[in-house]
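**Q** Sequence:
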Amino acid sequence: MDVASATAAQPGAPPDSPGRAAGAGGAGSMDYDSFLRLLIAQMKNQDPLNPMDPSEQVAQLATFSMVEQAIMTNKKLDGLLSATSLAQASDLIGRTATSADGAISGEITGVRLTDQGPLATLSGGETLLVGPGVRLG
Numbered sequence: 001m002d003v004a005s006a007t008a009a010q011p012g013a014p015p016d017s018p019g020r021a022a023g024a025g026g027a028g029s030m031d032y033d034s035f036l037r038l039l040i041a042q043m044k045n046q047d048p049l050n051p052m053d054p055s056e057q058v059a060q061l062a063t064f065s066m067v068e069q070a071i072m073t074n075k076k077l078d079g080l081l082s083a084t085s086l087a088q089a090s091d092l093i094g095r096t097a098t099s100a101d102g103a104i105s106g107e108i109t110g111v112r113l114t115d116q117g118p119l120a121t122l123s124g125g126e127t128l129l130v131g132p133g134v135r136l137g
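Here our numbering is used: the first residue of the sequence shown is 1, the next is one more, and so on.
In short, the hints are calculated from the structure, not lab data. Keep in mind it's a predicted model, so treat the numbers as computed, not measured. Even for Gly, the Cβ is constructed at its ideal location relative to N, Cα and C. Please note that a few of the clues may not be correct.
Unchecked claim - Within a straight-line C-alpha distance of at most 20 Å, the following computed DMTMM-like cross-link-like pairs (lysine to aspartate or glutamate) qualify:
hint: 1; residue 1: 44; residue 2: 56
hint: 2; residue 1: 76; residue 2: 33
hint: 3; residue 1: 75; residue 2: 91
To be verified - Derived DEER-like restraints, expressed as beta-carbon distance ranges:
hint: 4; residue 1: 50; residue 2: 78; range: 52 to 60 Å
hint: 5; residue 1: 113; residue 2: 72; range: 17 to 25 Å
hint: 6; residue 1: 114; residue 2: 51; range: 20 to 28 Å
Start from the sequences, fold in the hints, and give me the full structure.
**A** Given below as structure tokens:
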């Protein structure tokens with residue numbers, strides 16, 4: 001069975017239909033939904049006179065199971081990372097922070113987590129990204 005023919009877009013199908021094998025991640029990446037769509041498309045389009053080898057099908061299902069387990073592991077790791085970040089951020093409240101150049105200093109009254117790291121709100125209303133060079137007292 002030709003994988004390209006199994007994943008070719010159906011006429012009138014939306015862009016995110018089973019015809020797209022690579023998913024939103026681009027060439028070379030495959031997420032859970034893309035893998036499932038590919039497997040279903042392959043099973044739907046196989047030649048009934050020359051079906052898929054049963055051992056190949058079992059290997060694909062095992063791969064599907066491994067992908068599912070990896071996704072679940074990633075979700076749990078993301079949750080653990082979030083919990084750790086929140087715990088570390090709460091430990092900053094009440095401490096004194098000074099920027100690397102000494103221009104901003106004050107007691108941390110609140111913390112917001114951002115993509116760049118914890119963003120501390122100081123008692124004077126200033127904000128300071130807590131990262132390398134910031135002194136905590």
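**Q** Which of the numbered hints are not met once you compare them with the structure shown?
**A** 3, 4 and 6
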